[in-house]
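J.: For the record, the sequence lines run as chains Z and W.
The numbers in the working numbering rise by one with no breaks, and the one at position 394 of the first sequence is 536.
The numbers in the working numbering rise by one with no breaks, and the one at position 58 of the second sequence is 487.
Keep in mind that the hints were calculated from the coordinates and are not lab data.
One thing to keep in mind: the hints can contain errors.
[As the list claims (entries may be wrong)] DEER-style ranges, computed between Cβ atoms: (1) Z:G406 to W:Q508: 37 to 43 Å; (2) W:Q508 to Z:T700: 46 to 52 Å; (3) Z:Q608 to W:Q508: 54 to 60 Å; (4) Z:Y701 to W:R433: 40 to 46 Å; (5) W:W636 to Z:E619: 55 to 61 Å; (6) Z:G367 to W:N431: 33 to 39 Å; (7) W:E557 to Z:P710: 53 to 59 Å; (8) W:P587 to Z:R412: 56 to 62 Å; (9) Z:G457 to W:P556: 49 to 55 Å; (10) Z:P507 to W:E557: 57 to 63 Å; (11) W:V635 to Z:E619: 54 to 60 Å; (12) W:D476 to Z:D482: 51 to 57 Å; (13) Z:V561 to W:Q508: 31 to 37 Å.
Using N, Cα and C, we set each Cβ at its ideal position, and we do this for glycine too.
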Amino acid sequence: MASRHPHYQVLVVGGGLGGLRAAVEAHAAGRSTAVLSKVYPVRSHSGAAQGGINAALGNHPQGHDDSWERHAFDTIKGSDYLADQPRAEILARDAPERVLEMEHWGVYFSRFPDGRIAQRPFGGAGFPRTCYAADRTGHHLLHTLWEQCLKRDIPFYNEWLMTRLVTDDDRVCGVVALHIPSGELRPFSADAVIVAGGGHGRIYAKSTNAYINTGSATAAAYAAGAPLEDMEFVQFHPTTLYGTNILISEGVRGEGGYLLNVEGERFMERYAPQVMELAPRDIVARAIQTEIDAGRGFSDREGNGYVHLDVRHLGADLITTRLPGIRQIALDFAGVDPIDAPIPVQPGQHYSMGGLACDENGATPLTGLFAVGECSCISVHGANRLGGNSLLETLVFGQRAGERAAALVGDGGSARREVALAQALREETGRLEALAARRSGARQAAIRRRLHVLMTEKVGIFREAQPLSEAVAEIAELKAHYRHVMLDHRGSSFNYDLVDTLELGGMLELAEATALTALQRTECRGSHWRVDHPGRNDDAWLKHSVATYAPDGAPHVTYADVIITRYPPMARSY
Amino acid sequence: MNARYTFNVSRFDPTTGDPPRYQAYAVDVPQGMTVLEALLRIQAEQDGSLAFRYACRGAVCGSCAMVIEGQVRLACRTQVRSLEGNRITVDPLPHLPRIKDLVVDMDPFFETLRAIQPWLQPGHSEPEREHQVDPADWSEAEPYTNCILCASCHGVCPVVESDPAYLGPAALAKHYRFLADVRDVADAARVALVNDEHGVWGCDMVWNCTRVCPRGVTPTQGIGKTRARIRRAERAQRA
């Protein structure tokens, strides 16, 4: 049967690091492979990552005794023992190979005087093992992988938004996507789909994430039946620029930056006396928020609090060579030169530990569907991710998912698949036509604003039953409004009102899964801090939450065992 | 304290057949608001049809280069209050085909990148570990690795305007990034890609690109260095 639409053996949705690494691998295995992205791939948020990527290379003078086993242990302890241990071991074990491969492909890693890749200390790590390219590590990795895709002539579909993942008899067979420049809806047939759409931090108001990080690909996979794991675990980065919440890298503290409150005190002494500013992110974020809430922070007229991140004692030389990007951000967005003045910082949403449940090869329970990167939950980060492990995760599991997806033998585009794709296209076309025809109802921007406020106020760093219950109820209410959402613009070309409206539907679903699992988990673990349920409770809660989509209501939440092998859960202190 | 600004935004819709026109939007601008945030507010509250690209809002993704008050800038990096007056004119990035409003077709720009084969060619025997590099040799190419492909330079280059086949400052800067990379061994083949009037010899050394780059990349300097290498190689061949 002649196909009127593209067919690929492996279709990657998302052009950030995880997606591009998976595409390179599937292409190397000889599979027809393409990347579909809602932006040009180099715009992906991977490029904003600053501080570095972990690998136990042992290049640092104090890192000779480092090993992948120690990296795995730090990752598992950092996860508050919620990580699936064999997967954290894979992450650490494959790290050197993946990092060296990126160096061979051209990444401009910073060097030690002996010519080897430089490494810096990062939070929660027993050794300095974070490799970096100044403070633009994500930029270098992303552009290098994009270059490698050009070299291989891997086709890109830029500015295509996946609106639906198509299944046939519980097996993924393609996607329907909206071509943003033209407004055309088109099916793409695929034997395997690798979802690599990044995080969904934009369900919050204060987030380091790019505006594009709405979780649209995650939501499409979720709606197609792929469950979400550990959604209650949301990382709040301790140091985001006051006001804009642009990321201020952990590398700033890794290089020796101090956190100071309004009294000029290095307050981390009271929270993590051994490691001070280099405690894991959840601990530092809570410490800063506690200082602010106790009136020991700085505050503007609106009561928006912050503390100081001071690097002046490191000197202009170090700041301009190792932290040039941070200096530029502080200058551009806060009018502060860190050489002369402290940087005002506050915690902000940064990373989603939760995501599409998948195994150590990125395979989800839906046959033919894989997930890698922040949209996935392979469960290497558990309840709290260590800095430098997210870039690493994209490469390690991008490679594995690409290899595994390439090994999957498809049916090559059966007649049944064509029927399923044609049916999905008709339904999506009908959905968009109905949306365009609606002449009354709420605007997407208004619903989105309410979502932002409630997630930030009620599902934030410090959580409690009452506000969480309110959040769950309010999201359900917003979903009801959304069913009557009305477009402001009905044009076909670059209709961002339509894009935003479609994405908002998914954001509400992801927010609901986050709030509901946060309400149900009555303990403190990693990033999830219940003020009404102090302490970690391994007897009841050493398990993953698994949320399954329900079309007409709240998700169905079940729980799954954590895979614990070599590292018995212990108290987590730093 | 908010201040009221008027944004005169150039609008264009190819489906109407009408020529571009300016549309005025009034926005209350608080301290610290960027042009990107103002455009997003217009899109959310006044006019959902307004089209422009954006992603990171932190000057690292390269999506939002446009002409603001007559100068090419990243909208996300431009504070409204830093501009003179309270009427702000916004136009699309020049030298690329316009698609809608402030959105231009980036494909011709990305084709210039593809043309210079922007990937490392490290020779046949890869080291088992990383390439050992003297940090002193590392500083030459480093500034050129910071390009975010925003095409600001492309939009201000007079040669790009007059010669559609010209590779342009971004591609030539990226080219020099590989030429100067001590790990790369493909110098002769690389030079051949740019050794003509559509390549490094096309540059009129106006330095617009260098002035406008939001990341401090200096394409003109890179082009000059590539030319110097070509001349040196030619002299060596003659000698």
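J.: Take the hints in turn and mark each one as holding or not.
T.: Each hint tested on the structure:
Taking 37 to 43 Å as the suggested C-beta distance range, the pair Z:G406 and W:Q508 does not conform, at roughly 29 Å. For W:Q508 and Z:T700, the hinted distance range of 46 to 52 Å is satisfied, since their beta carbons lie about 49 Å from each other. Distance hint for Z:Q608 and W:Q508: a CB-CB separation of about 40 Å, inconsistent with the stated range 54 to 60 Å. With their beta carbons about 54 Å apart, Z:Y701 and W:R433 fall outside the hinted range of 40 to 46 Å.
Look at W:W636 against Z:E619: about 57 Å separates their beta carbons, and that is inside 55 to 61 Å. Distance hint check for Z:G367 and W:N431: the Cβ-Cβ separation is about 47 Å, which falls outside the suggested range of 33 to 39 Å. Against the hinted window of 53 to 59 Å, the Cβ-Cβ separation of W:E557 and Z:P710 comes to about 36 Å, which falls outside the hint. Range check, W:P587 to Z:R412: about 60 Å between beta-carbon atoms, so the 56 to 62 Å window is met.
Take Z:G457 and W:P556: their Cβ atoms lie about 34 Å apart, and the range 49 to 55 Å is violated. Our hint of 57 to 63 Å for Z:P507 and W:E557 is violated, since their Cβ atoms are close to 39 Å apart. At about 58 Å, the CB distance of W:V635 to Z:E619 agrees with the hint of 54 to 60 Å. Remark: the range hint 51 to 57 Å for W:D476 to Z:D482 is contradicted by a beta-carbon distance near 41 Å.
The hinted range of 31 to 37 Å is not satisfied by Z:V561 and W:Q508, whose Cβ atoms lie roughly 54 Å apart.
Checked against the numbered hints given earlier, the structure breaks hints 1, 3, 4, 6, 7, 9, 10, 12, 13 and satisfies all the rest.
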